[in-house]
Structures are given as C-alpha cells and as structure tokens.
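J.: Starting from the structure of chain W, add chain X where the hints point.
Protein chains: 2
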Amino acid sequence: MVATRNPLNIGAAARAMANFGFSRLRVVNPYEVAFREARSAVGAAPLLGAAEEYAGVGEAVADCRLVIGTTSVGHRELQHPLRRLEYGARLIRGALAGGEGDAPVALLFGSEKFGLSNDDLSHCHWLMRIPTVDRNLSMNLGQAVALCLYELARDPRAAAARPMKIARATAEANEQITARLIEVLEKSGYVNPVTAESTEEKVRRLVRRLDVPERDAPVLLGMLRQILWKLGE
Amino acid sequence: MVATRNPLNIGAAARAMANFGFSRLRVVNPYEVAFREARSAVGAAPLLGAAEEYAGVGEAVADCRLVIGTTSVGHRELQHPLRRLEYGARLIRGALAGGEGDAPVALLFGSEKFGLSNDDLSHCHWLMRIPTVDRNLSMNLGQAVALCLYELARDPRAAAARPMKIARATAEANEQITARLIEVLEKSGYVNPVTAESTEEKVRRLVRRLDVPERDAPVLLGMLRQILWKLGE
Chain W
128 MVATRNPLNI GAAARAMANF GFSRLRVVNP YEVAFREARS AVGAAPLLGA
178 AEEYAGVGEA VADCRLVIGT TSVGHRELQH PLRRLEYGAR LIRGALAGGE
228 GDAPVALLFG SEKFGLSNDD LSHCHWLMRI PTVDRNLSMN LGQAVALCLY
278 ELARDPRAAA ARPMKIARAT AEANEQITAR LIEVLEKSGY VNPVTAESTE
328 EKVRRLVRRL DVPERDAPVL LGMLRQILWK LGE
Chain X
128 MVATRNPLNI GAAARAMANF GFSRLRVVNP YEVAFREARS AVGAAPLLGA
178 AEEYAGVGEA VADCRLVIGT TSVGHRELQH PLRRLEYGAR LIRGALAGGE
228 GDAPVALLFG SEKFGLSNDD LSHCHWLMRI PTVDRNLSMN LGQAVALCLY
278 ELARDPRAAA ARPMKIARAT AEANEQITAR LIEVLEKSGY VNPVTAESTE
328 EKVRRLVRRL DVPERDAPVL LGMLRQILWK LGE
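Protein sequence lines correspond, in order, to chains W and X.
Just so you know, the first sequence maps onto residues 128 to 360 in the working numbering.
Just so you know, the second sequence maps onto residues 128 to 360 in the working numbering.
I should point out that these hints are in silico values taken from the structure, not numbers from a laboratory.
There may be inaccurate statements among the hints.
What the hints assert, rightly or not - If the Cβ cut is set under 7 Å, some of the chain X residues that face chain W in the computed set are:
hint, residue
1, 139
2, 146
3, 213
4, 344
5, 346
To be verified - Residues of chain X placed beyond 10 Å of chain W at every Cβ, according to the derived structure:
hint, residue
6, 142
7, 147
8, 192
9, 332
As the list claims (entries may be wrong) - If you anchor each label on the Cβ, the simulated ranges turn out as follows:
hint, chain 1, residue 1, chain 2, residue 2, range
10, X, 189, W, 340, 31 to 41 Å
11, W, 229, X, 343, 25 to 35 Å
12, W, 164, X, 282, 37 to 47 Å
13, X, 355, W, 223, 49 to 59 Å
14, X, 335, W, 222, 42 to 52 Å
15, W, 222, X, 284, 42 to 52 Å
16, W, 312, X, 189, 38 to 48 Å
17, W, 229, X, 189, 54 to 64 Å
18, W, 356, X, 192, 29 to 39 Å
19, X, 176, W, 355, 48 to 58 Å
20, X, 314, W, 282, 51 to 61 Å
The beta-carbon is built from N, C-alpha and C at its ideal position, and this holds for glycine as well.
This is chain W alone, in the form it adopts within the complex (with noise of 0.2 Å):
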C-alpha cells in the first residue's frame, strides 16, 4: 500500500489479507505512522503488527518476481498492459503455481486521493483494473483490496457446485399432507361435492409444486392434523 493516507484503510485492507488468507503486508510512506493501531481491523493485529514498512516502492518490491499495480483508469495514459481483475487473478494464481521460485508476487494499491503515481507505475509489470460500471467512479480503497484478494482466493469451480441439497418429502409424505389437506378442506365446506374429484387433482398437484422439504413434511402434517382435531369438536 502505497502513500495510503487514512490508516482506517491499511487496517482494512489487513483484515481482508487474513479473510482470505494472504500475510505479508507492506506500506510504503502510510501517511500516519501510527497505523498499526488502525480501528476496524478485527482479527487482524497480528498482521498489521508485522507489516513491513518502506520509504520507497522500488524498495518494497525488491524481492519480488512480479509487481502488478491496481488503478481505476481515470484519465491518465497508461504505458502498461492493463487487464480486468477477473483475467489478471488468473495470471496472477498461474505465476503463484507455476513454481517460478519462492519469490513473490507484489499487488501495488496507491493512495485514495491520486492512485499510483508514474513513478509507482514503472515498477511494475502491468496493471489490473476492478470491472466498474463507471471508470471516473474510483471504488473504496479497503474495498478494492478486499475484491482483489477476493478473486486470487475464489474457487471457480464452487460457482457450479451444489454443495447444499436440501432433501425433499418423499411422494408418500406428500400423499400424507395431501390426504390431510383434502379432510381439512371437506370439513371446511371449502370442497363442492360436485367437482369433489377435480379439487383433489389440484390440491394433489399444489402440494407436489410446493415441493416439501423433506423436514417440513411432518411440520405440516402436524399443523393437518391439530386443524382437523379442532374441527372435528
């Protein structure tokens, strides 16, 4: 993090870094020096305690083998390569797996008011930009590190997953709450005997739509049977 002027967003950024798993952090010219007490940064005192701090970024970056910037594009030209966040996490985790040595792999955030100057800019490699809607529109620096971290750590393959099915009434629990329901209609007086046949089908059909869960069934079944107790008396 570069120049970052409100310590509220190193401390942000720090608890995002331990949300998604990510520890070594490092701050060149915070504009408080006391932002290792930054607020809001439940959960991640460890890691600001350990943040590494720098008077420069070619200093920061010394050791790593890949320094990748983040702007919001306003209207300055860019000399680099500029890929969207989705694209550039993709190379990023290739670099990471690729086994290209321990080195590593540099993510520069600027300061809110101006970004990463040109200066910050020529150190690195190429620069990534998080998908807005409108490019003048700059995002939250602790939201952004937050979304950038976010997408190195998100699993693609989780977005097909169904990791939670939920169980479903089998059809004879279904016929159960079914047969109640009709009792309960019949004595209600809502069922005419003339079409008594068709309202079966269309209660037997609701019930199948409603698509009970399967730990719902004696719930409802439950609630049938204290209705059909009551109008019975």
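T.: Chain X only, in chain W's frame:
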C-alpha cells in the same frame, strides 16, 4: 441493510452499489438516522439520498420475489440452505435473467456486531456466505457488500479473455537490435575474438528471450546507436 451501526458502512455500501451498477438501497432501523450524510461515500450521494427507510425486514422486502440473507456463519445453527457466494450469485443472476417478472431480488446484510437475527433470517429463501479462510473471523460490512455486488456483476468470460495483447517486435527489428548490441559489445572489448561466433549466437538468443515489445524496439535501437557513437569518439 438491517440495523447497521456505523453510517460509514451504509456509505461504503452505497459507493459499492454505484461502482457495480445497483441502485435501490433499503435500510431497516439504522442506528443513526443521519446516515445519508455518511462520508467516504464518494459518488454515492444520489443513491444515499434515494435510500428507503423501513421499520422492519418484512416491510422492506414485501415486494421482493427472492430474499437472500448473508451470513458469516458463526456458531448459530442455520435453518436455511447456505450457499457459497460464487454459486449463490449464479442463482441470483439466473433469477434476474429468468423473466420472473419485475419484482426485485433482495440481498440482506445484518449489523456489524450481530449479523442478521433469527427473525430477519426467517424472511429469507436461502443464505449466502463469502468463502473466507476462517469462518470465525467475520468480514468488514462495507467490504462484504462490495464482494457480493462484485460477484453479481462479475463476467466469467473475462477470466478467459486476453483483452490486451502486446504487439512484439518483428524478427527484423530484433535482428537490428542484435546487430547493434554485438557492435557495442565488440567496441567495448566484451567479445573475445576466439569465441566471437558463439557470443553472437548467445546475444541473438538473449534478445529473442527478451521478447521486446514492438514499441520498445526503436527506443532500444536509439540507445544502442548513441552508445556506439560515444564508443567511436
């Protein structure tokens, strides 16, 4: 946003909404009625001004066809299907695209300290969680909102695309650079006459490995010509 304590978080949420093209913000019982003046809400003033206030979750989501709660899942036993953000967002996009009428879809965020209450959760169809490393370390509220909206706006195809391919120097340009560099090395006494031929091949391979961008070829040639001129003085 339900029972939000810190108005800065409402501001941060509004800013993220503006960043990703969402427009309807509803707040339920915020701790500060003056939330509309939230700082840090750069570019989100119109959104905050138009935010609707409600006394309860039921009224806030009354016109919604789908209500999704967000949770960091602490120790609470959940009575709902819980989906990871990647998968949940896909379901929401599907619902939004499915032409199921114009009724809105609601995304619920609870208070910073306690999240959504069991009563709030009972209004939800299902729940969504952000896949953090440590489930006991909750996310910052403003960051959580930004992540959910980003995932909803995210373009999966962008991860595969290569939007900006850098044009590389032609073989001719590479050979000009190689020739000038060899001249410079000869004039500087770097080349041992005995091994001159293998040196030439080494230099040629080195220049190819550099994979010089097209735009940088004339710059490098200019540098080498200047050095040659100085060496010839």
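J.: Now tell me if each hint is right for this structure.
T.: We went through each hint and held it up to the structure:
no. : hint                        : verdict
1   : 139                         : holds, 6 Å
2   : 146                         : holds, 4 Å
3   : 213                         : holds, 4 Å
4   : 344                         : violated, 15 Å
5   : 346                         : violated, 12 Å
6   : 142                         : violated, 6 Å
7   : 147                         : violated, 6 Å
8   : 192                         : holds, 16 Å
9   : 332                         : holds, 20 Å
10  : 189(X) x 340(W): 31 to 41 Å : violated, 24 Å
11  : 229(W) x 343(X): 25 to 35 Å : holds, 29 Å
12  : 164(W) x 282(X): 37 to 47 Å : holds, 39 Å
13  : 355(X) x 223(W): 49 to 59 Å : violated, 42 Å
14  : 335(X) x 222(W): 42 to 52 Å : violated, 22 Å
15  : 222(W) x 284(X): 42 to 52 Å : violated, 22 Å
16  : 312(W) x 189(X): 38 to 48 Å : violated, 28 Å
17  : 229(W) x 189(X): 54 to 64 Å : holds, 55 Å
18  : 356(W) x 192(X): 29 to 39 Å : holds, 35 Å
19  : 176(X) x 355(W): 48 to 58 Å : holds, 54 Å
20  : 314(X) x 282(W): 51 to 61 Å : holds, 56 Å
Of the numbered hints given earlier, the model fails hints 4, 5, 6, 7, 10, 13, 14, 15, 16; all others are met.
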